[in-house]
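Student: In case you want the letters, here they are:
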Amino acid sequence: MFNLLFADGSRLWNNDLWYALPAIVAVSLVYAATRHERMRPIWLHAGRVAGWIIGFMSIVCVVLVFLSWLT
Amino acid sequence: MIAKFVEKPVPESIDLKDPALAAFLAWLIPGLGHLYQGRRAKAALFFLCIMGLFVFGLYLGSSNEQCKDSKGKIGYGRAVYFSWKKGERTWPYLCQVCVGLPALPAMIQASRMSHNKKVWWGGFMAPPRPAVRNDQGPNKLQPTLHDLHRVLNRYFELAWVFTTIAGLLNVLVIYDAWAGPMTTTPGGKKGKETESD
Chain A
94 MFNLLFADGS
104 RLWNNDLWYA
114 LPAIVAVSLV
124 YAATRHERMR
134 PIWLHAGRVA
144 GWIIGFMSIV
154 CVVLVFLSWL
164 T
Chain B
143 MIAKFVEKPV
153 PESIDLKDPA
163 LAAFLAWLIP
173 GLGHLYQGRR
183 AKAALFFLCI
193 MGLFVFGLYL
203 GSSNEQCKDS
213 KGKIGYGRAV
223 YFSWKKGERT
233 WPYLCQVCVG
243 LPALPAMIQA
253 SRMSHNKKVW
263 WGGFMAPPRP
273 AVRNDQGPNK
283 LQPTLHDLHR
293 VLNRYFELAW
303 VFTTIAGLLN
313 VLVIYDAWAG
323 PMTTTPGGKK
333 GKETESD
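Protein chains in written order, with this note's numbering: chain A, 94 to 164; chain B, 143 to 339.
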């Protein structure tokens, strides 16, 4: 599990998962902005969408870690 | 508390001006359609998010390293290229081209490559050279697909992902410029409230 999350024990900031961050920010902001006209609801909706994406990715991560532990 | 602000329709009608022109401008440059409609904040947001992703993808698909097969340099923006030859079709480009003008150099480069003319701009957005032994053509220094995968490694796929997501997001933006924000159905459970600052 440690190897999966921290790329063979290297430092946390070397993990490729960081590449997901700009994509999550952009996707949630653009998605929210296509559903509202004013900035305040856009920021709030974007935060909620980003939370959903991170939550979904975390669940997938846990499932993969569990499957790798089984093998 | 958050839901109070989130799922509400737009209170006033938005002046979309000429929706067809706005949609075309939104395709041409992300955010330009909204700028034309006077929706400046959203224009800036769309431009920064989509062009940020696209440029980051171009950066990931770039390298100064030398190719093993062709002895030339990899160059810039290699993850965005167009090829419609059988067996070399680039399906991601169908998504990437939704970014509009920034992805169009790939069409020019593909045309030059297919007509056996030297590609421009040091091979920026040029398709990889077919792997031909002892190639003496004008693009003999251009990298092959093998070169791109060997040098760029996983960043080649990452660059594809970023540029493709940028293109797909711009489809939403084009729709927003055409028809306004996609709100919930008026009169529904969530549509009874009105949006306020």
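It is possible that some hints are incorrect.
[Stated by the list, open to error] Which residues of chain B face chain A? A partial, calculated answer using Cβ under 10 Å:
no.: 1; residue: F166
no.: 2; residue: L246
no.: 3; residue: V315
[What the hints assert, rightly or not] Listing some non-contacts, in silico: residues in chain A with all C-beta distances to chain B over 12 Å:
no.: 4; residue: Y124
no.: 5; residue: T127
no.: 6; residue: V155
no.: 7; residue: L157
no.: 8; residue: L163
no.: 9; residue: T164
Don't read these hints as lab results, they were simulated from the structure.
Idealized CB from N, CA, C, for every residue including glycine.
Student: Going back to the hint list, which numbers does this structure go against?
Tutor: 1, 2, 4 and 5
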